[in-house]
Amino acid sequence: MTIREIITNDLCRSISEAGGTLDKNAISDDLVLLESGLDSMGFAILVAQLEDALGYDPFVLMEEPVYPQTLGEFVAIYEKFGDHREG
Amino acid sequence: MKDEITPQRLEGSLPLAANNNARWIYLEECIPVRSVQHAVAWQKTQIGALRGRKVALCPSSNFNVAWQLCCLDGQVEAILILPFEQSASVHLELCQKAECDFVLGSLEGSEIPEVEFPTYGNVMCRHAESDTPPVVSSACDTHWIIPTSGTSGTPKLVAHTLDGLVGSTKRDIEKGREFVWGLLYDIGRFAGLQVFLQALLGGSSLVFTEREDPIAERIDALINGGCNALSATPSLWRKILMLPNSEKLDLRWITLGGEIANQHVLSSLSKRFSAGRITHVYASTEAGVGFSVRDGLAGFPVPYVQDGVGSCELRVDEVGKLWLRKRSATQHYVGESIDLLHSDGWVDSGDMVELSVDSNRYYFLGRENGTINVGGSKVHPAVVEQVIQEVLGVKFVAVRGRKNPIMGSLVEAVVVPDSEVDESLLRSEIQRACREKLERFQQPATILFVADIELSAVGKLQR
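Heads up: the protein sequence lines correspond to chains A and B, in order. For the first sequence, the working numbering assigns the number 1 to the initial residue and increments by one for each residue that follows. For the second sequence, the working numbering assigns the number 88 to the initial residue and increments by one for each residue that follows.
None of these hints come from the bench; they were simulated from the model. Keep in mind that the hints are not guaranteed to be accurate.
Each computed EDC-like pair below joins lysine to aspartate or glutamate, with the alpha-carbon atoms no more than 16 Å apart [stated by the list, open to error]:
(1) LYS408(B) - ASP435(B)
(2) LYS490(B) - GLU35(A)
(3) LYS490(B) - ASP57(A)
(4) LYS24(A) - GLU35(A)
(5) LYS490(B) - ASP52(A)
Using C-beta positions, here's what the derived DEER-type ranges look like [stated by the list, open to error]:
(6) LEU330(B) - LYS24(A): 41 to 51 Å
(7) PRO200(B) - MET62(A): 51 to 61 Å
(8) ASP382(B) - LYS24(A): 53 to 63 Å
(9) SER430(B) - GLY19(A): 45 to 55 Å
For each residue, glycine too, the CB sits at the ideal point set by N, CA and C.
Use the sequences and the hints to build the structure in full.
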């Protein structure tokens, strides 16, 4: 699976675990993360789960802190550090 | 009086000089008698040089340390028991802190004079008693210096007197004869010393087991020795309950200590060992033995705080921390600039409790400094562990913090599942239970499944 696919799958699962639903059609690069049904806690959990799935946490690796607002920005951050991916 | 001492008793036993006791207590091996004679000979020839001095015991077998304690108590000014899991440099540091004059055994890199002590195999000890005085009479009130089991930094040293250590020991020798204790703790730790001294002064037998042996073998040794009284941490009890051979243990006296005894482990023990009387003890190296709870329920009754319990007074401060005060407490730190006993004799337990008005009990939440900070909200690992432990299919669980760039920390659960359970189903069940019973910030963000969880050197869960 590509990084993007893993992220969108985990995003949908996290939202459903948080008790929400995400319309598949709404998944686009412009999707605002905190309007997707995830609050900051859910977002934190998503980052932890992605670290387990991909083997790295880009927010730890990055030198300058970046706070992504949209799904597109979020995926780009993970792709930027994609060479740390394990498995 | 002296004429009544049989040569056999002189040659075959060693006294533990329990200072003001009317009855002298002896440690007597079943086999081999030869080592007893060696120890007696050792005491006769070596004790002169050590009398009134401070002596450090290098880590050795539980059985050896038991002999050393018997030989030295009442003779030397202080005994420092070095913790086996620490490095030689920490041992050296502790010896310096306690200003030890001699080392029993060998200590790497040390210039402190070393004294040899004969080493023995591992056997079962039988209690013996006599109204006759010991071979070498008691010369002083020896301090027993015990390191704390803190996981970070160099352990602190706490000096106790023997009288302080045995303050809550049962001494009904007639009743004590019915019990065979098992030693699963390290004897050099506060909890291990309690078992050793209870067996010795209570007139019971004691089966020694050693830390390097696998837990299943240690339990086998207890079964073979006829052990019917056993003390362990709740984490160790959970492991024991998971061992098939533990069903052969016929326990009548069950003690839990060192960690929070939750209802799950208390009920499991009562179900498995229906003939056993279950006690959970609140004790620590610093506070000594605080109090015991015998009603089979987790936590402790509110009247304990209002009225005190035994010789112990309890206080819960404004942030929910438990304090203890014992009459005639004399324990103190060695080589520290802070006092162990606060004003008016109170000891800070470092443990947080919560009042439940419904059950009129206080429940333990965990260590004051053991909380996970999730975005500013504090999570006590034990609270989450209790919820997960009750999910069917969970054998063992440890909850810890994991760093997170958004919340600072998140809660992570490490779970040992039952062997035939479907992990994805179990994950959903755990998540469901946590959603029902916990606040969102308390719920584990991640759940890891592992084959086993190692316990610390003192049998506690490592988070």
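Item to check | Hint numbers contradicted by this structure | outcome: The structure conflicts with hint 2 only, although it agrees with all the remaining ones.
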